[in-house]
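> Residue numbers (this note's numbering), protein chains in the order written: chain A, 1 to 279; chain B, 1001 to 1127.
Possibly wrong hints are sitting among the right ones.
As the list claims (entries may be wrong) - These stretches of chain A come out as covered by chain B in the derived footprint (C-beta under 8 Å, 3 or more residues):
(1) 149 to 157
(2) 183 to 196
As the list claims (entries may be wrong) - In silico BS3-like pairs for lysine-lysine, Cα to Cα no more than 30 Å straight-line:
(3) A:Lys137 x A:Lys97
(4) B:Lys1057 x A:Lys97
(5) A:Lys139 x B:Lys1057
(6) B:Lys1057 x A:Lys137
(7) A:Lys196 x B:Lys1057
(8) A:Lys196 x A:Lys139
In short, the hints are calculated from the structure, not lab data. Quick reminder that beta carbons are idealized off the backbone N, C-alpha and C, glycines included.
The lines below spell out each chain.
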Amino acid sequence: MNVLEFTFLVWTGSLVAGFLGSLTGLGGGVVLVPLLTIFFHVDLRYAIGASLVSVIATSSGSAAAYVKEGFSNVRIGMFLEIATTFGALFGAYLTAKVPPNAIAIIFGTVLMYSAFVSRRTRPRTNVEQPPDQLATKLKMNGTFPDTSGVRSYNVYRVPAGFGVMSIAGALSGLLGIGSGALKVVAMDQAMRIPFKVSTTTSNFMIGVTAAASAGVYLSRGYIDAALAMPVMLGVLIGSLMGTRVLVKTQTRLLRQVFSGVIVLLGIEMMLKGLTGGLR
Amino acid sequence: MKPLNDERVESLIANLLRAGVLISALVVIGGGVTYLGHNPWAHVDYRTFHGEPGNLKSAHGIVRTALSGDPRGIMQLGLLLLIATPIVRVLLSTLIFAMEKDLMYLGFTLIVLAVLLYSLFGSFLIA
């Protein structure tokens, strides 16, 4: 392939990934690395570098919209970013130590896990509990706008959330993804933060987490501008289109199809890793 | 405790993020068009990892290469600006917490800021 064809095809693929990712809420970053390595035969390190850069673009681009809506909790985000940035630094450090085949297997596992998480609908019983001491000390309890005015919420199990966030950060740095699914699990499941606040705060944290490993990637030469250019521009435009297009009726089916695709890519990544398809 | 959800602060952060993404995208597009115009028919192969040349691996090297008009350097500068956007946001949060005299959160943001700056400027030590 020549430069023109390659750039155009990668741009188109990234656009579709970004569009579907934001429309379904599953994130486009997670399918980029398999897309680049499986279909475009890109070396895993270059793919991870390009993916990470695009994660920063979509996170910052959509965070701008969320910050204004007042759902995200800056204090929770900031505190947990300590966990994710240290994790990300560690994960980025590991990419040079862990063999690519092992990274591919971990990647496949994470892909299948994120597809699984998105399929689960989990009704939460809202048991009224007294505010958690640590969360109160950390001034994390907050409010957010709801259909019926302003709703207040309490935050629980901060250490558990902090722990899961460290893992989310490490995976982000190791795999070049936003690991939004795991971030939401940490906040929504462990810390019992309302879903809307969890998702927007997670999105707000993804860019900072990714920036923590991006510096390491840059100094290792993982970030190739000629590859990252079409990936970043494609994902960014695609995800902005995805947030604007409202196809409420078809989102459910689309979600199922897209998570099916994610599972297939996960299996393919695992097979590649197991058969030693990546060096 | 003064709430941080002050509307002015929020729109400041939102505008900063939006501007950062927009500026970096424009720089990447500028470099990309030059790059595509220079060698559209060259063969592409990303199968093997070579790593980027030394001048595109550090912040000051990227700025220098971009200023010399090199298309790859310009694209890389756009990506560097993108990476810098969340860092500037954290810096802004640091200033806001300092103004609110929230010392605990000032400490937290300074830790995050230190990790980010270390990654961008000091990580060659572990890479």
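> Decide, hint by hint, whether the structure agrees.
Verification of the hints:
1. 149 to 157: Check failed, 0 qualifying residues.
2. 183 to 196: violated (count 0)
3. A:Lys137 x A:Lys97: violated, 39 Å
4. B:Lys1057 x A:Lys97: Given pair Lys1057 (chain B), Lys97 (chain A) holds - Cα atoms ~19 Å apart, limit 30 Å.
5. A:Lys139 x B:Lys1057: violated, 40 Å
6. B:Lys1057 x A:Lys137: Violated. Lys1057 (chain B) to Lys137 (chain A) sits at ~42 Å, over the 30 Å cutoff.
7. A:Lys196 x B:Lys1057: violated, 38 Å
8. A:Lys196 x A:Lys139: holds, 19 Å
Violated hints for the displayed structure, listed by number in ascending order: 1, 2, 3, 5, 6, 7.
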